[in-house]
Structures are given as C-alpha cells and as structure tokens.
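Engineer: Listed here are the chains, written in short residue letters.
Number of protein chains: 2
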Amino acid sequence: MISEELLEPSIQNIGRTLAEHSKTGTANILSQRWWNDLLMDWGMRDEDFKVQLFRFVDVLPTLKTDEQFTRLLAEYFGGTPILPQPLKWSLQRLPSSWVGSHVGAIVLRRQFMRMAHTFMAGDSMANAMPVLGKLWRSGRCASVDLLGEATVSEAEADSYRDHCLDALRVYHEHAQRWPNRPLLEQDHHGLLPRANLSIKISALYSQLDPADPEGSFHGVAAKLRPILDLASQLPASITFDMEQFELKDLTYEIFMRILSEPAYRTYACAGIALQTYLRDADITLDRMVDWVQQRDTPITIRLVKGAYWDAENIQNEQRGWPVPVLRQKPETDANFEYITGKLLAQPTLFRPAFGTHNLRSLAHAEALAQANGFAPDNYEYQSLYGMADGLQHAVVKYGRRVRVYTPVGELIPGMAYLVRRLLENTSNESFISKQRDHETPIEVLLAPPYASHNSIQDERVPTTDIHQSFKNEAHTDFSREPARQAMMQALEQVKGQLGQTVHFPIPSSIGRLKDELVSTNPCRPHEIIARMPCYAPAEIEPVIQSAHEIWKQWRTTTADTRADYLCRVAELMRNRRHELAAWEIFETGKPWREADGDIAEAIDFLEFYAREMRLLGRPQRLGQEPGELNHLEWRPRGLAVVISPWNFSLAIPTGMVSSALVTGNAVLFKPSERSPMMGYHLYQLFREAGLPEGVLHFIPGGPEIGKALVAHPQIHVIAFTGSKEAGLHIIQQASKVQPGQHHVTHAIAEMGGKNAIIIDDTADLDEAVQGVLYSFTGYQGQKCSACSRVIVLDSIHEDFIERLTQAASSLHIGPPEDPSHHMGPMIDERALQKVREYVGIAHQEGKVLLDQVMEREGWFQGPVIVGEIKPHHRLAQEEIFGPVIAVLRADSFEHALTMAMQSDFALTGGIYSRSPTNIQHARESFDVGNFYINRPITGSLVGRQPFGGHRLSGVGTKAGGERYLEQFMVQRVTSENTMRRGFAPTQ
Amino acid sequence: MISEELLEPSIQNIGRTLAEHSKTGTANILSQRWWNDLLMDWGMRDEDFKVQLFRFVDVLPTLKTDEQFTRLLAEYFGGTPILPQPLKWSLQRLPSSWVGSHVGAIVLRRQFMRMAHTFMAGDSMANAMPVLGKLWRSGRCASVDLLGEATVSEAEADSYRDHCLDALRVYHEHAQRWPNRPLLEQDHHGLLPRANLSIKISALYSQLDPADPEGSFHGVAAKLRPILDLASQLPASITFDMEQFELKDLTYEIFMRILSEPAYRTYACAGIALQTYLRDADITLDRMVDWVQQRDTPITIRLVKGAYWDAENIQNEQRGWPVPVLRQKPETDANFEYITGKLLAQPTLFRPAFGTHNLRSLAHAEALAQANGFAPDNYEYQSLYGMADGLQHAVVKYGRRVRVYTPVGELIPGMAYLVRRLLENTSNESFISKQRDHETPIEVLLAPPYASHNSIQDERVPTTDIHQSFKNEAHTDFSREPARQAMMQALEQVKGQLGQTVHFPIPSSIGRLKDELVSTNPCRPHEIIARMPCYAPAEIEPVIQSAHEIWKQWRTTTADTRADYLCRVAELMRNRRHELAAWEIFETGKPWREADGDIAEAIDFLEFYAREMRLLGRPQRLGQEPGELNHLEWRPRGLAVVISPWNFSLAIPTGMVSSALVTGNAVLFKPSERSPMMGYHLYQLFREAGLPEGVLHFIPGGPEIGKALVAHPQIHVIAFTGSKEAGLHIIQQASKVQPGQHHVTHAIAEMGGKNAIIIDDTADLDEAVQGVLYSFTGYQGQKCSACSRVIVLDSIHEDFIERLTQAASSLHIGPPEDPSHHMGPMIDERALQKVREYVGIAHQEGKVLLDQVMEREGWFQGPVIVGEIKPHHRLAQEEIFGPVIAVLRADSFEHALTMAMQSDFALTGGIYSRSPTNIQHARESFDVGNFYINRPITGSLVGRQPFGGHRLSGVGTKAGGERYLEQFMVQRVTSENTMRRGFAPTQ
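Chains as they are written, first to last, in the working numbering: chain A, 1 to 987; chain B, 1 to 987.
Source of the hints: derived by calculation from the structure; they are not laboratory data.
Accuracy of the hints is not assured; some may be wrong.
Since the list gives no way to pick out one identical chain from another, each pair is judged satisfied if it fits inside one copy or across any two copies.
Said to hold, decoys possible - Listed below are the simulated DSBU-like cross-link pairs for lysine-lysine, each with C-alpha atoms no more than 35 Å apart in a straight line:
{"no.": "1", "residue 1": "Lys134", "residue 2": "Lys552"}
{"no.": "2", "residue 1": "Lys514", "residue 2": "Lys23"}
{"no.": "3", "residue 1": "Lys847", "residue 2": "Lys514"}
{"no.": "4", "residue 1": "Lys471", "residue 2": "Lys342"}
{"no.": "5", "residue 1": "Lys870", "residue 2": "Lys552"}
{"no.": "6", "residue 1": "Lys495", "residue 2": "Lys834"}
{"no.": "7", "residue 1": "Lys870", "residue 2": "Lys847"}
{"no.": "8", "residue 1": "Lys870", "residue 2": "Lys736"}
{"no.": "9", "residue 1": "Lys471", "residue 2": "Lys397"}
{"no.": "10", "residue 1": "Lys552", "residue 2": "Lys724"}
{"no.": "11", "residue 1": "Lys707", "residue 2": "Lys397"}
{"no.": "12", "residue 1": "Lys707", "residue 2": "Lys552"}
{"no.": "13", "residue 1": "Lys342", "residue 2": "Lys847"}
{"no.": "14", "residue 1": "Lys736", "residue 2": "Lys552"}
{"no.": "15", "residue 1": "Lys552", "residue 2": "Lys514"}
{"no.": "16", "residue 1": "Lys724", "residue 2": "Lys736"}
One chain only, chain A, in its complex shape (with noise of 0.2 Å):
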C-alpha cells in the first residue's frame, strides 16, 4: 500500500478538480431547490425549530385536508417565538399572511410535498424509468430503493416481495432500450446488470429477529430466493442495505449463507453494505475477505458512513448497550479511509462502491485507487438521488462510473426518507453543510480527518444529581451469538434440574409441613417444574412470632447494612441471570426477553431500593435555626407481608420484598402457587447473601394462606399485587383493627387495569401498530399493563385494524424456549379458559376479528381481536389478563379521550400522535398511573418510569419510584433544644 502521507498531494488535486467541476448556480425562487435550501438554512439555525419543521415534514403527508394541514402548522410553529429571517422574507412573497391563512397554508403545503419528490424519482417503478432513463444518459447508472412502510405483518412482507419482484421486471425491460455505457456496464469482473435493486431484509419477513437467526434466516430467505432467482436470470444486481446495527450480524450471516446455497454461489451481482461509523467495520470487512474466498464469486462492498448514527446512540443508551458507532464525525471519516484501502487491496474478491457525497473521501479513494494502478472501471462512486448534484456531475466528468441510489415509492415512506435526508444535510458535522456553506474554505473541506478534530470529547455530562445516577441493569443484547448460547446453555442446564422437591427451613415448633405444592409446565402440563412442602393456615402463627422476634434485632441494623445484602443479591442474580430467566421461562412460559427482561427488573429493584434506603436511612435536618436540631428520619413498621404474583415472577416479589426488608421489617413472603420455584430461587438468594435467618419468611401456599397472614393482628404492613377482587379485600381486612392490635395495618395492593391506547389520525400506523400489538401480546397478554382496549379515530380505523390484524396472525406461537417463539402459553388451564370464555361473550358483544386458537398440548391461546366494542362492553370493561384486545371507533379525539377513560381501572394507558395539541390534551387528561406517548405501554423501568396505578388499579405509591420504600416506613422527628446555659454549639 501507498503511505497516506504520499498519497496527501494527490487527493489534494484531485479534490480541487473535483470541487471546481462541482460548481453550480444559486437557486431562484421558483426552483424545487430554492425551497430546499430555504428548508434546509431553517432547520441549521435553531435546534428546536429544526426539531418541530422536520417533525411537521414527518406528519406532512397523513394529514389529509388543508384544514388538517393548517391546524398541525399552528400546533408545530404558533408557539415557535421567533420565526427565522428566510421564513420572514419568503413570507412576505406570499399571497398574505400564511400562517391560519388557507391560499398561504395550500401553497405550503404543496411545496412541503414536492420537496419529498426531489428525492425520489417517482411513485412507482414505472413512473421512475423515464428518470432513471435520463439518468442513465447523462452517465449515471443507479440502485432502485423500492421505499414502503414498515413490514409489520407476513403479508406485508409477501408484498415487499412482490413488489421487488416487480421492479426488478420493469426496470429490466426497460433499461433494455438504453443506450450502451461500457463504463457502467462493466468492470474488471464482467458484466454489470443495468437493472440494480437495493433491498432491505427487514422488510423481507415480519418476524425478524436477531435473537432467532436460525428462523429468521428461513423467514427471509423464503422471500428471497424468487427473488435472486429472477436477478440471477434477468440478470439484475441485488444489494443489501444495512440498517441498525442490531440487525448488522444478522444480516451478514443471511447475506452469506443465502449466498453460499449451490443455486446462488456463482451469482456475481450481490452485494451489501458496509458502514464506517461502526466500530467493528474492520473485522466485518475481514470477515466478507475469508467467505468470499471461500465462495470464490466476487461480491459488491458498498462502503458507506451509515445513517443512523442518531438512532444509534439513542436506542443503545436507552437501552444501556454500548453505542456501537463512533461518536465523532472524523473519526468516522478516518475509518472510512481506512477500509478504503482494505476495500482496494482485494481487487479480485471485491467491486468496490464508494457511497460517499464528502468530497475529502471521493477525493482519498480516487488517489489510493489511481495510485494502486485501478482501471477507471474498477471501482465506482454512489450518491443519493437528488443530493450533491454538482459533485456527481464532476465525477461523470472526471470519468468515473456513479451509480444514483435512487429511492421509488409512495409519499408516506417518502416523507420519512426525506427527513433522513434534511437531518443529514443540516447536521452540525455534516460535510454537505458545510458543503453548502459557501465560506468553507477548500483547503478545511479537504484536510484529512482528525486534522480538523482537536480533542475526542465525551459527550455525556456528568451529572451532581444522586437520583440519576442510578443505571437500569441493562436487558441482553440476543443478537449477540455469546448471549443466545448462554441463554441456551442454561435452559439445557435448567431442564435437567426440573422435577425436584425443594426444601426451605421452617420454624421448629411446626416440626414438618403435611401439604405440597407441585408447580407444572405451562408448555407441558406433565413436566413438573418442582415439588416442595407448603403451608397450611394452622401452622402460620410460629412463623409470625418467629419473624417478630427476630425482627426486634433486625430493626436495629443501620440502613447501609440494609442495603447491602440487597446489592448481594443483585451480584448473584447478575451472575445467574440466564439461569433464573431459564427458570422463568420453564415456569411461567415466558419468551426470552420477558424472562430476561424480568431478572433485569429484579436486578434493578435491588439497587435502586438499596439506593434509596441509603438516602433515606440519613436523618434529613429541617430548619436552620440555632440552638435546636430537628431531623426526620424512617423507622420500619415491624412485621410485612408480601403476596406476589406469577407474571412476573421473580421482578415483582423481589422489589415487595427487597423494599420491605431494606426498610428493616421482617418479612413474610407467599409467591404465586403458580410460580413457587421462583419466588423460592428468591428466597435462598437473599439466603445466599447472608441475610440473617429468619429475616425472611418463604412461606408458599394457596390463598388460604394469603388470607391467614393478611388476616393475622400482628401484621404491620402488607405488600400486595395482584386481582382486584383480593386487592379490596386486603385493603378492607387491614383497616380492622382487631382486639389487642396497636396498629393500623398499612396496605399496598398494586390490582388490575383495563388499559387503553388511543391512536388518533396524524399516528405513524408504522410504529402504532407495532406498539399496540406487543403491548397487547406481549407475555400472552397476562401482565397488568397490557393494552387491552385501542380506541381508533375513525378515518384510520380500517388502515389500522387490517395491519393489526394481520401483523397479530403472523406471529410465532409456541414453547418459549424456542426463541422463535414470540408467545407462549398462558399461565394455566384456569387462564386459558377465562380467555375463551370472553371470546365467547366477545363474539355476542362484537366482531371477532382474529381468534387463533392452538390445537397442541399446554395452554396456548393466540392474539384475539374484537373489533365493533362500545364502552359499556364487557370486553371494553373487564381485566381478561390475556391476548385479548376490544377495538373501539372513535368519532373524534376527545370522544377517543371519554371512552379511554370509561373505566374502574387508572393504570397504564397511551396515545399515538403527532399532533401536539392532541399529544398535550392527552398528556394532561388521560387519567392514569402510568402514560405513554408514542410507546408500547408495558415494560416501564425502575427509576425512569416508576410504576403503579390509582382509581381500583391500586392504593400506593409507584414501585420503582423514589417514595415507594417510604410505605414501609414510619416517620419520625426529633427535636433537640442543643442550647444549654445560654450557649449552643454551632451546627
């Protein structure tokens, strides 16, 4: 290879070349450009203009009428104090004041829409030829991006299918009549097939997931393979695109085994992409130089930046993965030159594609590539339709081969595209900004990466704030192979484990427990989990004078010493995560990720309670006056029950139970009789950790035995979630205060919901129908913030239940075990049968829509749509706790809002829009514990999204949540008059 420092002098000529033949006029007024670049000098002023205008474009194309498009104007931008100065002056071109002006607001709009065109080269393939045509004759071949809505369903993957199929047709008869290129036409490898199609295997199949490469492989290559078929005989080039870097592995491993099968192991047009921002693009591209080897056909490496830098770092901190890209720009310009020269080293494996619009990388790629003796065909150049025209121009002109990625397709996924594209060019670190910044001097434009980069910042601000710094134990990444063959090791491990009787210490005096209770496989009623004895009521009063008096010594140990043995029992399960989560699954028919996403919680609750209980174990001063010391501080109640339930089997019980002992109660402990093994893997993890015996009580049973502790005078405080039914009746026995009791018991009952999702016209029906149909199906259903009622405005109505619907039909049912399987089983044949039962009522109440019932052995019960549900139904008013979800027509917004609120219950509920007004009317007036805006309406985290209800949803504060432990607790202030014979010491 050529030293870069050698190489400097002539990217620095060919950069000037390039740059002089790139000049191009200003635009004028009348121009689709001028428009353009007014939208995008408004979006580089101000951050939260450029937010509102780019969400406003997103919108742009649901909004059906100008009267729509006026009031989402006024929403977006009448509060927007200072309109920028392009804004202002175009204003005054207008016909009149635009802004609840309708000429105005038409005339905007219409140029809003056009804008979305200049990216793409029309609604169909067949309306895009005349322009790939032309394209072709001024020296540019292309790559069809076939754009469309988010695959939520098989049939819309079908589709997908269809329509790439389609294209790949069209585009061939019709490039036929072009006229001949060579230089687009071939390279050193042979032929290059006019017709070129960018495919994303996303779109391919619905059910993709990179914790199930295995089933994802044969659910995209089943679409895939009529599809190569057809490129191989036209021929045609099919490239795939990359998309987030949760799919990247994935989307290797389907790029190569798809092409390693004997039918396409010759096919020499395939390519993929690579992207540069990434931090593992180097072991990436060697991974391509061994499988090419070894495949022996050539492939196309389309080396790009990448585009989703943004969501990237998003989605990874939210999720607390690492932030797989690299965070500074030039550094991604660097490895972009780097794997340049990896790319260019490997002439006979690779044809390289430079998918670049930064004239200093075209410029290092053309010199390494001239300097390593490339014929000008060797290699080609990729721009994006409708950006940096000038630049592509100038390449033609240098006599080089540009391929246009050209985007075709409707205006909806066109708007989206769109903002990808605007974020793009206004982009602080952008070259295409600073491209257009007339200012930039060449010499910056062209200097190499780094030169212009003083110092790698870190741009996370450290925070003084003692709450924000705790840190949600992050859920497994499963499209990491490491992860998914622990998973699988421990479920192999645990399965050999399965049908023991356990065994946990009781107080002598009971001598041994006569019952037992055999805990089953929801999958396989006949697989039993575990066996272990039980309690009978008769034998709870020594396990209550036991704990209380073991509690008088506990209530004395300091809150850090608390807190401790939670952090303890945190380390263990972060260290037995997938062992525990196997448990879960085997127990309670979680799929992986509730069941990981469970321990995670668990893990969470530990800390964050042991968090705060270090807060609040210091005494808080109040006042500030000499010569008196008043402080508050927490005192345990004395002796807590805790009665959890199955569904999430060890999160619940450990936040119940951590919080009551953290606060120094001792504490009695009944799990679910349909999770008993969980709640004892609880048990003898604070075991594990030392907590001194019989601080804690595993007391497991039926809800005889719940009653029997609830019931009991010596009971101090009682943590409870769970139905409804039992809720009131805890609540109502604790306010007894029984003969010889000195207290009034304090009761926390976390109960049901009958939760609701309103998704209103200006809704992305993409991310809405996704959101609706995990919060409804995911765990089947059975966790108390599932969505059981979406309320949907009338004009999308239909749009949004045939999506739905057929996004529900399309997924997995079966073992969770099998991470293919995106729902299991329902908890026993008792739930199973609630759930025919409403269906029964469902189909009197209503229209079935979808009921996929499943004729195999366990408790399987798929999604269940019933659309047609007025309030007052039943099916609009019940807690089914399964896969059941009752569709409701809403006329307008506000009558959404009434019937989302016509319910006992208050606990989750949530809306899709992009309507401001509507997003703050709901915001302020949809009346539950938990609110969700754009979101599924399950999975809230510890700390970030504290988590409980009110109305008959439950009495107490938020678990989770800063003043959760406080329940637990009583308050105290002592006063002391510090002034002695006149004289106080300073404080």
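Position chain B relative to chain A; hints supplied.
Structural biologist: Same frame as chain A, but now just chain B:
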C-alpha cells in the same frame, strides 16, 4: 463633653499604667488557678471539645457518685478523637491514667468542683462573710448575688425573698465590724452602705410574664417591698440585675414603679444594670434620666456589656424575632464608651458604676471622668469575683473604688454560673481571653473599638436549599407594649360582635337549612359566641354533587394559581391576626399566646403548603437517557372531606383545608361543632381571597354530618383530626369500596396520644419542671401532643414531684382574655366531666398530689398531678385530654423507656437528660412520631417539626412536612418516546 480624639492619649496612658499594675505571675499546678487556666485553654482549642467540656461542667453537680461521674466522663469524652495537649500533659502528672481510672476520676472531679468555688464566695452568706471581709480589707467592696435555681413556683419565690432578707441582715451585721474605707463608703451623693445586694426579678415571682406587666408588677412588688423596707432601714444597697431582653422593659417598669412609691421615693441606694450590647441602651438611659429627674433621688446605673449574648441570638432567631443585641463585639464596646459619656454627663442623677474587665473600656471611662473633673469617689468600677484579679488590684492601686460582684450559693446554680463565666473567658471575641493570650500587644488591647473591626458581617449563611428558606410566622412578642395594646383592642372589638347569627352559601336545591348550631364561651356558658344554620345528613347529597361539578374545573387550575389563593389567605390572616386570636380566645378558651400561636401556625400551613405545591407542581424528570422524556407529576384525587377538631380551631382546619385545596381537590369542610365560628372565619377568608365559589363548601354540623360525609361513595380523600374512636371508624369506612364506587377512598387520620416525658437523673430540673408543666397544662392539656405521663427516675423522683406540684399550684387560672391567666377553661362541660371522672379513677389507682378544683362559673379545671401510677393503670393508658398528669417512677433508664412505650399511641414523647448516652438511646428507641429532647413536647412548628404519630395515633404522613400534600394526590408518570424518524431533540 470632651471630644473622643482629644481623650485618646489619656486613655492610652491610663491603660498602660493599669496594664503594668495588672501583671501577675504564672499559676503553678498546685493552685486552683492553674486548673482554671488549663480548662480555659482547652476550651479555646476546639469548638466541639469546648461544648462537651462546658456541658460536662454543667451536669457535674448532679452526679452524685464517682461511678456516675466516671460514666458521664466517658460519655462526654469517650468519643473525643484527640485530647488537647495540655490535658495530655496534665495526665502525666496524675497518679495514673485518669479516664476510666477511679483515682484519676476522683481527682478530676474534685478539681472541677473546686473550680466553681473560685468564682463564688461561699455556699451561704455566713460562709461568704470572711471572704467579703478580706476583699474589703484589700480595698474592694462588693455586691452579693444570691445564686439559686430557677423560680418555678411561689414557694420558691418566697424562699428567694427570705434568702435576700437573711442575706441583708447577715451582711449588714458582719460588715459593721469592718474597718473604715472612705473611698468605699461615700460618693458625691452621700453614703454607700457596706451591704449591697444584687437581685433578679425573675427569682421573685414564678408567674412573671412580660405579656402581663400589671400582674407581674404586683407579683414582684409583693416580694420586693419587704426587701426594700429592710434595705432602707439597715441601710443597704439593692441593685436590679438585668436578664434576658424579653424582661428588660418589665424590669425597668417594676424598678421605676416601686421606687416611685412614697415609701421608697427617697431611697438613694437603689441601682439597676444597663446592658450596652442592647441596641436600645441609649433610649433606655434617656428614659431613666427623665424618670430620675422626676423622682429626684439618684440611682446607681451599673453599666455592663451584657451576659446573654448567645442566648439572645439563639432564642430570638428561633422565634423569628429581631435580635435585640449588637451582633459584633466592637459595636458593644463602642456603645459602652458612648453610654459612659452620657452617664458621666448626669452626675446629679446617677452614681455611675462601670462593670467591665475590658482594659480599654475601663481606661476610657477613667480618662473621661478625669477630663470631666470627677472626684475619684464619684464613680466606681465593678468586677466579677474570681476574675481579672490583676486588674482589680491595679484599679485599687490607682486609687479608685472597686466593687466586686460576688455570687454566694449552692453548687448546682454555682456550676451554671461557672459555665457562663467560662464561656465569657473563652470566647474568641472576649477581651479576657485576649488578655490571657500574652501575645496580644498592648496597642491592640487599647485600640478604640472598631479599629480592630474591619467590616460588619452577617453571620447567617445564605442557603441554596429551597426548603430551607421557608420561615415560620413569628409569634407575637407580647413583651412589647404595642402588641399588648393591639390584642386588648381586638378583644374589645370582637366582644362587641359576639352573639350574632352568621350565614353562608348553600346549594340552591336545599332551600334553607333548618337546624341551628350555637357556639358558647366556655368561660361563661351563657355567653353566645355565634349562631349559624347547620346541615342535617339528608342535606349532604346536593353539596357533594355541586362540589363534584365544580371540581372538574378546579382540577385544571395550575398549582401556582392554587398556591396563590393560600398565600392570599395567609396575608388576610396576618392582617387580622389579633382579631382572629380574639375570636379563638372567646370561642375555645385559649390563653393569649396559645391563640396567637394558633393563628401563626395557620399562616405557616398556608405558606408552607403553597410553597410545597409550587415545587410538586413542576413535573419531575426521571432518567437522563436520550430519546425519552419521563416525567412524574402529582394529580388531585377528587373530592376531599375535612373533619377538623376544636383544639387548634384555626390552624388544624387551615392545614387540612389548604392542603386539600392546593392539591386540586374540591373540599367539603366540617368544622368541629365546638368551634364552628373559627371554621366560619376560615371559610370566609378563602372567599375573601377570591377562591371560586363552591370549590370549598362549609358544612357545619354535628358528628352525624361527619358520618354522612365519610360514608359517601364519591369522596376520594378524608382528612380527619380527632379522637381515636372516630378516626378508626373513618379508616374502616374508607376501606370499603361501595357498589358503583370507582376508587378506594384514602383516609388520613390524626388521632390521640398518651405522651410521656422521661426525666433522668442528669436532667436539668429547672428546665424539666418548667417543660413538663407547660407540656401538660398548656391550653389545659387539650392538645393531642400534650404530656400526660411523666416518668421520673427514682433518685430524683421526690425533688421533681415536689417542684412540679408547687409549680403547678402556682399557675393562675381564669378567663383567658386576661393575660394574667395562664390556664383557661376546658372546652365544655363534657370535657370537664371527663377530667372529673379520671380524677375519681386516679384516687383509686394512685395518689392524687394536686387537684385544683375551681369553684367558679365556666368549665374550669386546674392541674391534676397523680403519683404512684403504674403502666397498666387507666391513668397511664387512656387519653383524658385535660391538665392531668400521671407520674410513674422508674428504677432505671431502661425501665423508664420500657414504660414510656407501653402504649397503643405513638404521638409525642420527650426526655430531659444531660447524659449523651441516654439521649442517644432514647433518640433511637423511644418510638413516637415526634420526639423532643430537653424541651417541651408541644408546640411543633410547621416545616421544622412536621407533626404526626403512628400506631393508633394516626395514619398518614406528617402535617407541616414535605410529604403531607402528596396524600391528597396520585402520582402520574408520563413517558414520551421523543425519537421520530431516527432522531430526537436533545433534552
């Protein structure tokens, strides 16, 4: 007058001469002075150590055994990390390691005890006379101060009077035999008697109260006349000492009034102290000039700087009153020089005495006297016994009269006196400590005040904690004449308004209320306070429906708007403070200060809750992750019922009503039928403040109205303060979810107490007796926080009981509009009957030591003290709600603690102790809501001492605390996914 500048050379000369004469040798280890010096050295090293040391000195005389001494020594110094160097050095000279060593302890104890004697002339007048004679022979006369414990009863006041009479006789008799010393016996006004006594008016009358100057005058005068009679006859001099500022005006008033009586008008040997640390010393002197001119007999003015500087700062800051003393030491010195000048300007009126150890102040006075041509016997210098011996000698040598202020008395008050002197000698600003520090050059010691003082700093550090800047509304300072006048006027004015019928809005559907409520004066049951219509249970429904309708609007108001209403009501209350207090005095029989405190507390609640709501009204962001915005908000529950008691007839309903309103609930307010007029005032104030009509409903009525409100299914939250029985009923009622009810009613109940104070054997009995007395008789014991049990350690049981009984029987009882009455009536006949019943039970269970039955109109009952009570007795278990205290005897501190907690209640509790270990033990173990150390257990302040108990004393968080408002709301978390199209605004 001579100009100060011309005087300066003379001051310097005199000062240097005196300094030269003052020099004394270094003390050796065998002398007591060596020990004193050592102790002062220690005290000056480290502030924390000094506090421990002086506190230890304070408690010393109560330690009866060496074991006790050794134990306390370890408690005070066991945890001291570094012993000061001189202490270590001295330890090497002791027989063995003294800490924990018995021999060492005995030596040390003796030394500490002896130390007090270096500042006292003897434990009795007879023993002091030889010392006084020795002083006389060395050229110094004296003024004797009879040290004694605080006067808490009339028996003690009588005893002090008798001591004074005895002392004068003994003094006079012995002094007859002394040789002639013309300088000491004569000045320009004539004879100076050899016998000279300093007296404190607070010791002469146990019910001294600046709010009641008339009663105080008569109380003091009755004791003072025999003393003045004897002094005139012997003759002897009497000087009034000055104590706290609060008593200053009263002391001067009494001084002038009694000495204006014909019998004493020509008595020329009276004197009074004037404190130059007071900002108003100048004005006070002017007043004396006028008065003496009028009286036409000279008086002695003892000019001092003032000995209560720390206490004045602490107590006035605690109360939120202006601090009356100059904040900077040099200001006081300058003021001393200024007043010196004014004093010397009136030789015909005054016999000036300069009480100072400050060389500069003394030299200045001397220079000025000389410059004004005073003869040496025309003025004198005063010094403290045992201090500044060198200076005393120097002044004698200089040929001036020195009078030594000489304490005579027992060890316990002697130690208290010692601590004051130690403090004075070790203060960083003290002249004495500067003089002791031999490195301070004479120029500095003699510099004019302010020369060494560069800037006046405000010692209050500004705080950044928003909670800390809440300031309690100051109670009225009734030692101020204008405040007394205002209160008198308000009483007059309200008296004129009694007996009227008031009206208030009711829902139109009711028409008019048929029933009537009549409020009467508990002092004069025939006197009608007010009449008003009241509700019957059947009339509740329309009110609830009306409130429900209005709530829909009210809940949408902002937190700030709602908080503004509270602040407006606070402002109205502030403006009508005395008027409201007057109504409360008439309607509920509260003494002045109790009524005034109640209005102040009401204002506090309003402002505190307004402030808290402004904070809670701001959504709290949770988590910092990009792409999501989580906010925690607080929302109103709905309809709130407030059922308030009569014993804090403005503060408690204000607290409950304002918190329910400010949190956005509509409120149904039922005041106690025993104080409906105060409830009406509160309601009217909210109307005046502009609260929208109907948001607050005033619902006077009997208990059946409370029951109807509580049982209604549309009530969301009930705030109740009252009896345990009613509270438990409400809690149980609230827990029932009735058919058609969509929520669980939340109940907040503050109930009763059976509050105990422990008096351990290290207690300061002066404080303990007064603290217990106030805690059980304040507002006739009709506070839930009132003390109703006192648990006294065996060894001090008799002393304590005797003093408490005498103190209690000294209290003045009668209609509380007269400020001389410290106890008013019981609220009604039922309350009085209850006390009488328990007195009957007391006679069976224990020994009734005091039962002050009042034979007069009204529901009066004096204090009841019952000894020999055991923990199981009804007197120790049941809430009586009257001025009845059960005395329990404890074998040990542990025993005391155990008995203290043998109660179903856990509201307030207290301890009087000077044992750090016992204080700490009780702080940790005494399980009550509000625990008080070395102070009364009533009178908690909003913000500083949030109030409330647990067990059967209450459910809910503390009133006046940060968590209180949250009970009236539910938590809501909103989670917005802010990422759209792969980008999100930075947050």
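Engineer: For every hint, state whether the structure bears it out.
Structural biologist: Now the hints, each set against the structure:
1. Lys134 x Lys552: neither (87 Å within a copy, 64 Å between copies)
2. Lys514 x Lys23: neither (90 Å within a copy, 93 Å between copies)
3. Lys847 x Lys514: neither (50 Å within a copy, 57 Å between copies)
4. Lys471 x Lys342: Classified as neither; 39 Å inside a copy, 71 Å across copies.
5. Lys870 x Lys552: Between. Shortest inter-copy distance 25 Å satisfies the 35 Å Cα cut-off; intra-copy 55 Å does not.
6. Lys495 x Lys834: within (29 Å within a copy, 72 Å between copies)
7. Lys870 x Lys847: Within one copy, since 11 Å is at most 35 Å while 74 Å is not.
8. Lys870 x Lys736: Answer is between: at 29 Å across copies they meet the 35 Å cutoff, but 39 Å inside does not.
9. Lys471 x Lys397: neither (54 Å within a copy, 79 Å between copies)
10. Lys552 x Lys724: Result: close both inside a copy and across copies, 34 Å intra and 27 Å inter.
11. Lys707 x Lys397: neither (85 Å within a copy, 93 Å between copies)
12. Lys707 x Lys552: Only inside one copy: Lys707 and Lys552 sit 25 Å apart there, 39 Å across copies, limit 35 Å.
13. Lys342 x Lys847: neither (60 Å within a copy, 103 Å between copies)
14. Lys736 x Lys552: both (25 Å within a copy, 33 Å between copies)
15. Lys552 x Lys514: Result: close within a single copy only, 30 Å intra versus 57 Å inter.
16. Lys724 x Lys736: both (19 Å within a copy, 13 Å between copies)
Consistency with the previously given hints fails for numbers 1, 2, 3, 4, 9, 11, 13, ordered from lowest to highest.
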